[in-house]
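K.L.:
Chains as they are written, first to last, in our numbering: chain F, 127 to 420; chain Y, 9 to 295.
Hint data in this document are derived by calculation from the structure and do not stem from the laboratory.
Any given hint might turn out to be false.
[Unchecked claim] What the simulated footprint calls covered on chain F by chain Y, stretch by stretch (three residues with Cβ under 8 angstroms from a Cβ of chain Y suffice, anywhere in the stretch; the number is not a length):
| no. | stretch |
| --- | --- |
| 1 | 136–150 |
| 2 | 190–197 |
[Said to hold, decoys possible] Below, in silico cross-link-like pairs of lysine to aspartate or glutamate (EDC-like), each with a Cα-Cα straight-line distance of 20 angstroms or less:
| no. | chain 1 | residue 1 | chain 2 | residue 2 |
| --- | --- | --- | --- | --- |
| 3 | Y | Lys203 | F | Glu215 |
| 4 | Y | Lys203 | F | Glu221 |
| 5 | F | Lys150 | Y | Asp52 |
| 6 | Y | Lys203 | F | Glu286 |
| 7 | Y | Lys92 | Y | Asp66 |
| 8 | F | Lys150 | Y | Asp59 |
| 9 | F | Lys150 | Y | Glu63 |
| 10 | Y | Lys56 | F | Asp141 |
| 11 | F | Lys150 | Y | Asp116 |
| 12 | Y | Lys40 | Y | Glu63 |
| 13 | Y | Lys136 | F | Asp141 |
| 14 | Y | Lys150 | Y | Asp52 |
| 15 | F | Lys150 | Y | Asp121 |
[As the list claims (entries may be wrong)] Here are the simulated distance ranges between beta carbons:
| no. | chain 1 | residue 1 | chain 2 | residue 2 | range |
| --- | --- | --- | --- | --- | --- |
| 16 | Y | Lys281 | F | Leu202 | 47 to 53 angstroms |
| 17 | F | Thr281 | Y | Lys153 | 24 to 30 angstroms |
| 18 | Y | Ala86 | F | Gly277 | 28 to 34 angstroms |
| 19 | F | Leu289 | Y | Lys159 | 51 to 57 angstroms |
| 20 | F | Ile305 | Y | Ala86 | 54 to 60 angstroms |
| 21 | Y | Glu175 | F | Leu157 | 55 to 61 angstroms |
| 22 | F | Phe401 | Y | Ala86 | 52 to 58 angstroms |
| 23 | F | Leu202 | Y | Leu282 | 25 to 31 angstroms |
Because the structure is a prediction, the values reported are computed rather than measured.
For glycine and all other residues, C-beta sits at the position ideal for the given N, C-alpha and C.
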Amino acid sequence: MTRAPVSLPQVALPDNQRGFLQTKRTDTWWLFPTITLIYFAIAATYLTWAAWQGEHYWYSGPGGAQYLSPIYSPVLFSDSTRAGAAPVEHSWFGEWPSWLPKLLLGFIPLTPALLILWAPGGFRLTCYYYRGAYYKAFWGDPPNCAVGEPGFRGTRFRGERSLPLVIMNIHRYFLYAVIPFIFILSYDAIISFIFIDPETGSHRFGIGVGSLVITANTVLLASYTFGCHSLRHIIGGKKDCIASSQARLTAYNCVGCFNRWHMQWAWISLFWVGFADLYIRLCSMGIWSDWRIL
Amino acid sequence: MVSPTTERLKPQIDDLIEGRHLGKLHKPTGEKRRAVFRIWRGDDSNGKFVDYPTEVTDGMVVLDAVHQIQAEQANDLAVRWNCKAGKCGSCSAEVNGKPCLMCMTRLDQLNLDMHVTIEPIQTFPLIKDLVADVSWNFEVKKKIKPFKPRKKTAEEEKVGGWRMKQEDIDRVQEFRKCIECFLCQDVCHVLRDHKKHAEFIGPRFLIHVAALEMHPLDTEDRIPELRNNHGIGYCNITKCCTQVCPEHIHITDNGIIPLKERVVDEFYDPLTKLFRIFKPGKGGNSA
Ligand code: SF4
Ligand code: SF4
Ligand code: FES
Ligand code: FES
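The following block holds chain Y by itself, in its conformation from the complex (with noise of 0.2 angstroms):
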């Protein structure tokens, strides 16, 4: 016998089962309206934001809107974008302030009834328009010491390659989801408001070490340079960076405080020191 209460919930259990309640809750109505967009038109030394009012439907992402303005109003708009899909890192920008990937922000989340303010990333020198230049960050890549994996024991050169551990490599992989949007540089106030770029790699190169550095295989020692170089002490872990990671990296919880660790041990913990004169060729951060 079936109970009232399943009797009654029996159409939302189907549209579960069937797989219809996505569409329900996110079917787009595909009705029209007027939104006004308010884009940084211009480069670094000469701009302003223009107003573009246009015709939306609330499925569209803000990259689409601006796709649309520049088919229909302004040819000449510069906006970098390639999968649309919030994997290439590309169309990062500020949608009202806020450090997003355009082709990741659906109109519906945001408040059409005001205009939407649409800018370039703040942290890098400006190109034209929505484009920035981030080549600094790979420069910067470039002076972060390379993977140094270790021989391979006896054993693993007769199996053909290095043997590890399924939870130690995981712990590395989560670092290697990063896309390069470098959104988390853009909203970093140690780059965006100290403009400390001489002297600090940002939180999407101190995930880069952490995913070195903690890689199980990794021989190589990044600790001093983090510290002396690469301006890991900059960082007051205030987190903005992984409030906006698009792909939900833990950049601060899981990267730069264990990387902050491994610098108290090698700078300002005197125990661990003691400890190392005493196990000589044990290094904290070794396997």
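The following block holds chain F by itself, in its conformation from the complex (with noise of 0.2 angstroms):
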């Protein structure tokens, strides 16, 4: 990367360099980053953990409900022998092949949500909203605004202007590789809509609590992809003349019209993908019962 000779004026800067976490800030600007940083270190362990379990994510339940953990989702191969697997004919690929390991290195357990958690997770670690909540909460880069530095990074700071961090512009592929999974969970929750009678084996509309669970999580989910700044800019936002087509306007509008909302979609998704896979968990062990509201 060759890049041409600075060209700003240069300034005679004064010495008032902050120590870390220094500021005349009187107000509780420390609160929101810790929240941050609490809940964002609980649903990602909670996420992997769940991940990792490579069981309990499908419910059968006794009323023919078909709930499958939206973590899970699209089961590409089922390891039928675990508990609580999907069963086969939900998988796209059939059962666990042999060629497949299921466990890495001899100790990591590979598991269906790993196949394909690393879109939605690669989605989420690049996107705009969750790269600042997490450079202040985690790096303390700043820890909030007008609040000091440590003081190792100094000078020295780079940003997303190099690596590492300039690999956070491949956040639009990461975009192109999630947009099928809102149409693969909204098939899941239109099955979550249909039941099957365990004495005629006939399918019946119905509506489990698991059922809303899993739609709201769909929503949500989509709420927040859609949301996305990098679709913002695919759907119109990179033409200067966006009114020139209608469509593109109202697609552009549109997007707006989430994008306002990132952060809580994204606060607020985060948590019920992890709430709709403990629901769902919880059912299949039997330690909830799913509740049928028709």
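Relying on the hints, combine the two individually framed chains into one complex.
P.N.:
This is the structure in structure tokens:
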């Protein structure tokens, strides 16, 4: 990467470098980054743990419910020897193949979730909102606005200008990867309303609490995804004359609508995806019972 | 017949209709009280905080208090101001550590039981007391390629001017609300903590570039410079600039991030590059 010589004017700066966490702010500036830190850490820990379980991600209720945990969807291969695994007919390519190890390096379990989670995981990791939030909460870069940073970074700071963080520019590729997930999760939401009669085997419309949990999850994830900054750019933002096409303008405004609340969608959908997994997991383990509404 | 609820709420409704609620909500009581202002006195090399106790009323703003102190106790206190209406961008300072306009910060937003700290903005050299030298900003602005409109079409020539869609103009209009208070430059950690003045133009000028780059008439390409010389990659989208902007410009979401996406188009996205090869003459950000 060659760069033209820097051409910005120089300035004689005051020597007023503040130390780590030094600030004159008198409000509770530390509160929100701390909540963010705890929340993201708990969510990441739970989701990683759940993805590594490889069992109890599917619930076939006594009333014929068929719920699939969103973090395991789509199921590419199902290892039907595990408890609470998706039935083979619900997996895209059938039974777990012999060429695919169940353990990586002999001790890291490989599960259906780990085969697909790189996409939504990478999408969140490189999301513009999450980046800003975890740079603050986890790296203290800065700890909060007008609060001093750790001294070691100083003028060596590189931001997202060069490696490693320049990688973040890959975000739109993760967007391309997760858009199909919205359709797959919509399919999961639809089948959560189809109950299989245990006696006759016939399919019947029904509503369980799980159906609502799964549907809400799909709606929240879609709202988060459709507010993506990269999508807003691709769908119209990259043009200077967005309004020269009415369809483009409508699409751009539509994404803009979700985009305005992108942080809120990010928070709620992160909680809900974990909760939906937990709900199905506990139902599948027999700890909770799914309440049939209709 | 009037329902009992309407009857009960009538006084409030009358207040609302006649606008008296505004007075009730914000009416200053006129009560005087003492407050202590801890103000930075001196220049870069030599200075200290000095406490100034003074009488204030709750309708006052920080700039009023500073003026009162200047009139009554410290005639040589340097403070820059012009409009007292949040429109000239001169009175930027840090009140209790928060970058803000002194003329728009009401005393009733502050806890006057504690002293109120007033400092000059931190990212630029200090001239004296509350006055910083912000001229670096004006020099930076000169480094940005100016507006270069496209030629008028034959039809536009006939009607005498360019024609644009209102929606397209609305987008750049947001950035033109900027009053150049430089509070965003002050709070941005890339300048404030990392001192990247030689490589980063700062949020104020990123939205200046956005206003030009996204303009429906503009034909200039500022994207390579934005990445190579103006340091957009330094911004880590932590949004402090947006939080302090007195004009409520969505600096990060509507300005910086869309520009970052345009940089991705031109430098980091092999697919877009590939499309360009097959569609010569069509820049990604052109009309
Ligand atoms: S969002 Fe970018 S420009 Fe704005 S304060 Fe943060 S680092 Fe600076
Ligand atoms: S963008 Fe906002 S904070 Fe920055 S200089 Fe303009 S008005 Fe001030
Ligand atoms: S910016 Fe958040 S998902 Fe793309
Ligand atoms: S005096 Fe003009 S903005 Fe405060």
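K.L.:
Each hint should be assessed against the structure and marked as holding or not.
P.N.:
Hints and how they fare:
For the stretch 136–150 of chain F, the stated coverage by chain Y is satisfied: 11 residues place a CB nearer than 8 angstroms to a CB of that chain, which reaches the threshold of 3. Requiring three or more residues with a Cβ within less than 8 angstroms of a Cβ of chain Y, the coverage given for the stretch 190–197 of chain F is violated, as only 0 such residues are present. A threshold of 20 angstroms between alpha carbons decides the hint, and for lysine 203 of chain Y with glutamate 215 of chain F the separation of about 59 angstroms lies outside it, so the pair is violated. At most 20 angstroms may separate the alpha-carbon atoms for a hinted pair to count; lysine 203 of chain Y and glutamate 221 of chain F exceed this at roughly 57 angstroms.
For a cut-off of 20 angstroms, the pair hint linking lysine 150 of chain F to aspartate 52 of chain Y stands: about 18 angstroms separates their Cα positions. About 16 angstroms separates the Cα atoms of lysine 203 of chain Y and glutamate 286 of chain F, which keeps this hinted pair within 20 angstroms; it holds. This hinted pair checks out: lysine 92 of chain Y and aspartate 66 of chain Y have alpha carbons roughly 17 angstroms apart, not beyond 20 angstroms. The straight-line distance between the Cα atoms of lysine 150 of chain F and aspartate 59 of chain Y is roughly 15 angstroms, inside the 20 angstroms bound, and the hint therefore holds.
For the given pair, lysine 150 of chain F sits about 23 angstroms from glutamate 63 of chain Y by alpha-carbon distance, which is inconsistent with the 20 angstroms threshold. Note on lysine 56 of chain Y and aspartate 141 of chain F: the hinted pairing holds, with a Cα-Cα distance of about 14 angstroms set against a maximum of 20 angstroms. Using a Cα cut-off of 20 angstroms, the hinted pair lysine 150 of chain F and aspartate 116 of chain Y holds, with the two alpha carbons roughly 19 angstroms apart. For the hint linking lysine 40 of chain Y to glutamate 63 of chain Y, the alpha-carbon distance of about 6 angstroms falls within 20 angstroms, and the restraint holds.
A hinted pair counts as satisfied when its Cα atoms are at most 20 angstroms apart, and lysine 136 of chain Y with aspartate 141 of chain F qualifies at roughly 15 angstroms. The straight-line distance between the Cα atoms of lysine 150 of chain Y and aspartate 52 of chain Y is roughly 27 angstroms, outside the 20 angstroms bound, and the hint therefore fails. Taking the CA atoms of lysine 150 of chain F and aspartate 121 of chain Y, the gap is near 16 angstroms; set against the 20 angstroms cutoff, the hint holds. A hinted range of 47 to 53 angstroms for the beta carbons of lysine 281 of chain Y and leucine 202 of chain F is inconsistent with their spacing of about 31 angstroms.
Distance hint check: the CB atoms of threonine 281 of chain F and lysine 153 of chain Y are about 28 angstroms apart, consistent with the given range 24 to 30 angstroms. Hint check: alanine 86 of chain Y to glycine 277 of chain F, Cβ distance near 31 angstroms, so the stated range 28 to 34 angstroms holds. For leucine 289 of chain F and lysine 159 of chain Y, the hinted distance range of 51 to 57 angstroms is not satisfied, since their beta carbons lie about 42 angstroms from each other. Take isoleucine 305 of chain F and alanine 86 of chain Y: their Cβ atoms lie about 57 angstroms apart, and the range 54 to 60 angstroms holds.
Checked against the hint of 55 to 61 angstroms, the pair glutamate 175 of chain Y and leucine 157 of chain F fails, with Cβ atoms roughly 39 angstroms apart. Our hint of 52 to 58 angstroms for phenylalanine 401 of chain F and alanine 86 of chain Y holds, since their Cβ atoms are close to 57 angstroms apart. The supplied range of 25 to 31 angstroms is met by leucine 202 of chain F and leucine 282 of chain Y, whose beta-carbon atoms lie about 29 angstroms from each other.
Against the hints set out earlier in the document, violations occur for numbers 2, 3, 4, 9, 14, 16, 19 and 21.
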